[in-house]
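Number of protein chains: 6
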Amino acid sequence: SFSMPKIAVVQAGSRLYDTPATLSLLENYTQDAAKNGADLVLFPEAFVGGYPKGLDFGVVLGLRSDEGRSEYARYFNGAITAEGEESKRMAKIAQENNIWIVTGVVEKEGSTLYCSVFFYSSLGKLEAVHRKLLPTALERVVWGQGDGSTMPVIDSPVGKIGTAICWENYMPLYRVTLYSKGVEVYLAPTVDSRDEWLPTMQTIALEGRCFVVSSCQFLRARDFPDDHALRSKHTDDEVLIRGGSCAVNPLGKVLLTPDFTKEGMFYVDLDLSIIPKARFDLDPVGHYSRPDVFQLRVNEDKKSTVVFEK
Amino acid sequence: SFSMPKIAVVQAGSRLYDTPATLSLLENYTQDAAKNGADLVLFPEAFVGGYPKGLDFGVVLGLRSDEGRSEYARYFNGAITAEGEESKRMAKIAQENNIWIVTGVVEKEGSTLYCSVFFYSSLGKLEAVHRKLLPTALERVVWGQGDGSTMPVIDSPVGKIGTAICWENYMPLYRVTLYSKGVEVYLAPTVDSRDEWLPTMQTIALEGRCFVVSSCQFLRARDFPDDHALRSKHTDDEVLIRGGSCAVNPLGKVLLTPDFTKEGMFYVDLDLSIIPKARFDLDPVGHYSRPDVFQLRVNEDKKSTVVFEK
Amino acid sequence: SFSMPKIAVVQAGSRLYDTPATLSLLENYTQDAAKNGADLVLFPEAFVGGYPKGLDFGVVLGLRSDEGRSEYARYFNGAITAEGEESKRMAKIAQENNIWIVTGVVEKEGSTLYCSVFFYSSLGKLEAVHRKLLPTALERVVWGQGDGSTMPVIDSPVGKIGTAICWENYMPLYRVTLYSKGVEVYLAPTVDSRDEWLPTMQTIALEGRCFVVSSCQFLRARDFPDDHALRSKHTDDEVLIRGGSCAVNPLGKVLLTPDFTKEGMFYVDLDLSIIPKARFDLDPVGHYSRPDVFQLRVNEDKKSTVVFEK
Amino acid sequence: SFSMPKIAVVQAGSRLYDTPATLSLLENYTQDAAKNGADLVLFPEAFVGGYPKGLDFGVVLGLRSDEGRSEYARYFNGAITAEGEESKRMAKIAQENNIWIVTGVVEKEGSTLYCSVFFYSSLGKLEAVHRKLLPTALERVVWGQGDGSTMPVIDSPVGKIGTAICWENYMPLYRVTLYSKGVEVYLAPTVDSRDEWLPTMQTIALEGRCFVVSSCQFLRARDFPDDHALRSKHTDDEVLIRGGSCAVNPLGKVLLTPDFTKEGMFYVDLDLSIIPKARFDLDPVGHYSRPDVFQLRVNEDKKSTVVFEK
Amino acid sequence: SFSMPKIAVVQAGSRLYDTPATLSLLENYTQDAAKNGADLVLFPEAFVGGYPKGLDFGVVLGLRSDEGRSEYARYFNGAITAEGEESKRMAKIAQENNIWIVTGVVEKEGSTLYCSVFFYSSLGKLEAVHRKLLPTALERVVWGQGDGSTMPVIDSPVGKIGTAICWENYMPLYRVTLYSKGVEVYLAPTVDSRDEWLPTMQTIALEGRCFVVSSCQFLRARDFPDDHALRSKHTDDEVLIRGGSCAVNPLGKVLLTPDFTKEGMFYVDLDLSIIPKARFDLDPVGHYSRPDVFQLRVNEDKKSTVVFEK
Amino acid sequence: SFSMPKIAVVQAGSRLYDTPATLSLLENYTQDAAKNGADLVLFPEAFVGGYPKGLDFGVVLGLRSDEGRSEYARYFNGAITAEGEESKRMAKIAQENNIWIVTGVVEKEGSTLYCSVFFYSSLGKLEAVHRKLLPTALERVVWGQGDGSTMPVIDSPVGKIGTAICWENYMPLYRVTLYSKGVEVYLAPTVDSRDEWLPTMQTIALEGRCFVVSSCQFLRARDFPDDHALRSKHTDDEVLIRGGSCAVNPLGKVLLTPDFTKEGMFYVDLDLSIIPKARFDLDPVGHYSRPDVFQLRVNEDKKSTVVFEK
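Residue numbers (full-length UniProt numbering), protein chains in the order written: chain A, 1 to 310; chain B, 1 to 310; chain C, 1 to 310; chain D, 1 to 310; chain E, 1 to 310; chain F, 1 to 310.
Keep in mind the hints are simulated off the structure, nothing from the lab. Do not take every clue at face value.
Remember, identical chains collapse to one label, so a pair may be satisfied in a single copy or spanning two.
Subject to a maximum C-alpha distance of 25 Å in a straight line, what follows is the list of computed BS3-like cross-link-like pairs (lysine-lysine) [what the hints assert, rightly or not]:
| no. | residue 1 | residue 2 |
| --- | --- | --- |
| 1 | 181 | 303 |
| 2 | 181 | 302 |
| 3 | 88 | 35 |
| 4 | 253 | 53 |
| 5 | 125 | 262 |
| 6 | 277 | 108 |
| 7 | 125 | 181 |
| 8 | 181 | 262 |
| 9 | 125 | 88 |
| 10 | 181 | 53 |
| 11 | 53 | 108 |
| 12 | 303 | 262 |
| 13 | 277 | 53 |
| 14 | 233 | 35 |
| 15 | 53 | 92 |
| 16 | 233 | 88 |
| 17 | 35 | 160 |
| 18 | 160 | 253 |
For reference, chain A alone in the conformation it holds in the complex:
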């Protein structure tokens, strides 16, 4: 009684500072994925809005620069909202191609940016949003922190899906939260292209007894605008993020091996019937847990600085 769904994994970079172009790219990949029978297409972290790798936004300890502020303003302008036109366009692309789209986006709310993942169903609806809980290092200068209210695990044609972005995958308590919500297909959009990424994905699959599918950007210097200061430091073909998208089954077997050489789209078939077999000897929130010793309290409140009481 188990189905055999297919996921398309996109390994590509944004068109930096050009969100319409990025969305066209997203549409192209989505159309191809749909043609090839995928039920869901996964894009990397910050795909919409971009991950301008290598910038410092003019910050040193104790100082910011005018140039850095301008850089940020430009970056801010390329970000999107859940309700905006760009989001509606993506919803429509999903509907037109009868496929789910899960993509990294740079989201803005008020004056703060978030590194988010948007989940669009094939009904053309934004089903869920996750905001990265902990930006890493300099990311903390451009992105805010998500809160406990955006940690969805939802039903989809490929099973119950949830997501952890880049180094959120090194947050064991967040992972346990996803396990506890029943994640079957754990989506990991990232820009981390180290060799150690695959072992990490394997371990999460083994620990959570779920499929893990990771999509990483493949970013070249030429994805920056021609006039961008960074261009002068690199040749056009220089690779800034080298990919490494991968997939692993619930017993730790690698289904999609990283390819660090090119942009592209890969397909993974998921035999969901393996899940109960894999949880026979390890169910991280069931028989293989010790709630009498360890109990994780998760606060899912929407955290707002000001609360108005009527």
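We have chain A; now place chains B, C, D, E and F onto it with these hints.
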């Protein structure tokens, strides 16, 4: 002012790996029990979902096998949930026959199985669930542990009922918990068919000053599917669990003597008026206890690895 | 590396109101037991001091009689103290015969009587005392309640021994306390000669995974003094307590079957090597317990109405 | 500023085994008391539920009889609960007659009986319950022991009231507990009709510097049902409990002298202004105590064999 | 095995301010008692040293007078010490007459007086001392408070004896302390000659299940020196303390009825065999206590204002 | 200011059922490790006591066999206690060689076995014990569950050390507990020799920013006794557990690559100065956590079925 209720005690085996067939069997017994005036029909441990006695699920120390995982997946598929269709069917059978059904089931929640007892009232409602607290020996490999939140004692037409499954009957602190909740008719679904079972039931009746009614499976090799590997090891009529259902009154007198020869259904009439007489000289949680010396703390929390706070 | 010790189980009645005669009887049995190679001889409940079965001590609801008070005074006079001459005599008997003696006694402290068990080692020392925690029915009129300070489990040549007297055996929380202290040979002196006693002993052996050895009085009317009022109600040979001493191994197998026909002494050999095997699948205070759900608090204080602090 | 309240003291027996009839009797006395201006009406020990004086419930040492168990079951059936219909009826009688009712009852909780006192206010509410801490002699066979959680001293129109039942009056540490809670009017329902009762009441008044009001049953053989076995042993008019209700002021002066000849109701007026005068030279928990030498520790925990923690 | 000892109870007044004369009186009574076969002779409170009833020692609130100071100095001079000549004389009287003497004395230590009881054995030894713990009313102006180090219960030819002086008998925690130490013959020297004294003594006997023997002064105005100011207020024969010595058995029966008319000496025979009979249904520190609810802590330290540490 | 300590990693199997021989093996390896300058020698899971891989202890669903019980008894006999002779011998070996020993042991307490790790310091002291929290699959039949009281992280010459045994490494909440206690060198004794083990170790190092050192058994069929039933199923040289010991630094770099071909001992040097560098961008219990969203509650109570309060 005491009534004289009747319990039907089913001594039968599941149709292994065929839950619909087992439910039909359950319906047949229930109809007969109702026709014969029973107020409640009791089925053995794991009756729905089955107790595939003699299997090892491919586990030896340090190893699991693919065959064992597949066996487990097959077993997992036959398990039911409290809210699922199978449970609704049983609730309807109870309602249609105007009788209570108390039955052992293999319950699944998430990816973990539990050895449970479901209590259906004649109103067609699942009134209560108990999950076995301590699986024995190899059971620990296929079943998780229940927690303190599913230890019901509830009113029924046959008096206050509670349950202890198989070797839970050797957990004195759990028994005291049931006494403390006022159990009058202690139901003991089991697959233990040793000679020592009857003395154990007598002693619990004497200690708790309650009726004890035990229903044991009568399982033959042919209750496995024809294609099951175990079939080749046995003749069809070989008995794997030989029954031994029994009932005892609160002064330790045997009301239903074990019959180890056949599948069947037996009836027990309960003269509840004997309970206060029996507790005249022994009330295990009242005048015959020493709370100044011994005090049992019972934690009834629902133990969850993750607790969401909103 | 396990030894094979032997216990002698005495099934005899006291010489009522004649403690010196009872001690002589105890000495005779002890000598025989020692000659036959026993390591420990077990006497029944209240053997020293007596269990004048059938008396009512002149109490009805709301009244006591002078005759009842005198009967009680006579009974009080036959009771002994831990430090008194009778106790020293028993210690000496144990030493002279190089055997342990465990015997029920009626103990007095101040003006209250207790139904106790005294443990004498072959070194001629009173090693431990247990006082019955809960007298049953009319016993409550002649005996006080022990407290948590006299619940010993001690090393002996037959393994770790502890005791529960008569219906204390129906106190599950006391039994768990003995298991927790590591009892290996559970001694159950009694005056209960019902048919249900053997099943109770079997169940305790199964639950505690220990040997259970029970010694019951065999009391005839002629054990009362000739001049006692009760003598006129009975023929001399009328049996007031019919025995039923028994022994069971940790898997519930009966080692000594009750004989309800005569006074006598029986022998039981204990193969202690069976204990770890029996606890393989059930260790009531180890792997087969759920301390996260059930935790028993035991107060071992010596409870004294007045505490002197100097 | 002291008021002069009036207490009605009932000297009557229960209609044994006929709780509705006893409640009607209670209602009649209450109506009369209210008409005569009493603020509180006091009934004897075990008035509701009865004190079947002279019964032995078939217990002798080592034996219970079927007849005794049936007698107990009959007695059990006549007992009441704090929340039951009988209690509601008494609350309503108090409210309708605008009077406080303090009465002895045989209370049941679970399968154990207690000898209790229920306090109903004129608001029609059960304000407090006290359970006898130490049943005497054969009472120990039919009643359990109360614990430290039911030792109320509460405000009432006749001053601060508390109670000690029958021989609880010989528990000096309980009395000191009541003094310590500020008892002004010490209510002593009883079935003790010895000559020594009045001196005891005087001494408590002197020691506690409080009013003591004692209500004793006046029970005749005909208060048993016609078919009761005890009836054949007595003439109808034979007096089983002869009364002796009395009252004493805080200086030991007798306000109501015992009348051992008849059923009836007596009135006592309380001049509360005498209390501080009496405590001028003796305040048992104030200036006339030596807490540096004697300190009484009182444990008011509700002692429960099982404690549920959720 | 119980003996039948005899106590002589002296009802006489001191020769006030003339200790040698009082000691002669004491010797006379002792000789008579011994001749009449008494084992112990009991004198009233403050017999040696005197109870100058009716004096105010010149104290009003906020003021003392010179006359009062002088009165106190005179009183102080008549007091004795445990080691002094007067005490040695009494020890010798006891030895010479082969009798125990228990007498009230006014004891001095340093500059403080205590109302004490001295126990002399027939061996001519001061065996024990008790100092009154709580002087009453104006006594607090002339006597200090004893501490927990002088609360003896000791063996004697009349059984275990202890003492409570005058209104110490209204200190329930002190009485319980004496019960706990095993008092069998409770000696109550007093100067309280109210009617309520006998009921108090009866109640203590009933509560403690012990013999109570009380000796009260019979003091006339002429017992003051001729020159004493008080003499002018009274006729010589006016009775200032009227006696009322009495004795009660452990079931509350009066053995010696008060005689309020004269000085004299009375005899009481004690049938100690009644004690266990009486404690059959009430042992205040054994089976009739609730140490789980009430626990009395007694501090027996010798309380010294300055403690020297070596 | 960081030192460069050395760890010796033993890859060897026990001499099954021969604990003295295993201890000699342990001593040999320890001597070699010390000679080669190691500060700490790490042995695999269950090294002392053994991991009899491939056994089923005679358990199938619903049945245990006599042979299985005997096998268990044999296994039980080879287990050790923290205070026993074997433990003292290991402590002495550590002291004599001036080295720390951390080793897997099969520990017994009462009648239950635990899979533990014992930490011996070079002072010859057993410094800490960890008991496996969750046995896997068939292990649940032979080992009990540890509780929260044995989760040490302690100082040692190689830094702060803690341990997780075998699949405990897949318990994220336990790992977070160790991180929270400050583990620097995370020791992972195991019998898991799958290919996926190394990625798991890498991921833990990356997540916890600590060194991870894992020691796996290398077990051959001939490590079973000659007479063991399992011997007939294998050739002597057949490998049952193939090793795979490894070590990883806090940035995920492999320091010791698994060798699956032979028994042996390997050395790892730890440059502890890398730890703060590695935690610059990821501190799992510091700046890289979200306690406002995720809070882990850890219960470190010693869980005991019975708690004695004195």
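- Message: One pair to classify: residue 125 and residue 181, alpha carbons no more than 25 Å apart. Within, between, both, or neither?
- Response: For residue 125 and residue 181, only the intra-copy Cα distance (22 Å) is at most 25 Å; the inter-copy one is 27 Å.
- Task: Classify it for me, residue 233 with residue 88: is the Cα-Cα distance of at most 25 Å met within a copy, between copies, both or neither?
- Result: neither (36 Å within a copy, 50 Å between copies)
- Query: Is it within, between, both, or neither for residue 53 and residue 92, if the alpha carbons may be no more than 25 Å apart?
  - Reply: Close neither inside one copy (29 Å) nor across copies (49 Å); limit 25 Å.
- Query: 25 Å Cα cut-off: does residue 277 pair with residue 53 within a copy, between copies, both or neither?
  - Reply: between (41 Å within a copy, 20 Å between copies)
- Query: Given identical chains, is residue 181 near residue 53, meaning Cα to Cα at most 25 Å, within a copy, between copies, both, or neither?
  - Reply: neither (33 Å within a copy, 33 Å between copies)
- Homo-oligomer pair classification [residue 108, residue 53; C-alpha up to 25 Å]: within (19 Å within a copy, 30 Å between copies)
- Since the copies are identical, ignore which copy is meant and state whether residue 181 and residue 302 lie within 25 Å (CA to CA) inside a copy, between copies, both or neither. both (18 Å within a copy, 16 Å between copies)
- Using 25 Å as the alpha-carbon threshold, which applies to residue 253 and residue 53: within, between, both, or neither? Answer is between: at 24 Å across copies they meet the 25 Å cutoff, but 31 Å inside does not.
- Indicate which option fits the pair residue 125, residue 88 if close means a Cα-Cα distance not exceeding 25 Å: within, between, both or neither. within (8 Å within a copy, 33 Å between copies)
- Message: When Cα atoms must be at most 25 Å apart, do residue 277 and residue 108 count as within-copy, between-copy, both, or neither?
- Response: Result: close only across copies, 14 Å inter versus 42 Å intra.
- 25 Å Cα cut-off: does residue 35 pair with residue 160 within a copy, between copies, both or neither? Within. Shortest intra-copy distance 23 Å satisfies the 25 Å Cα cut-off; inter-copy 46 Å does not.
- Query: When no copy is specified for residue 125 and residue 262, does a C-alpha distance of 25 Å or less occur within a copy, between copies, both, or neither?
  - Reply: For residue 125 and residue 262, neither the intra-copy (32 Å) nor the inter-copy (57 Å) Cα distance is at most 25 Å.
Hint check: violations occur at hints 5, 8, 10, 12, 14, 15, 16; the rest are consistent with the structure.
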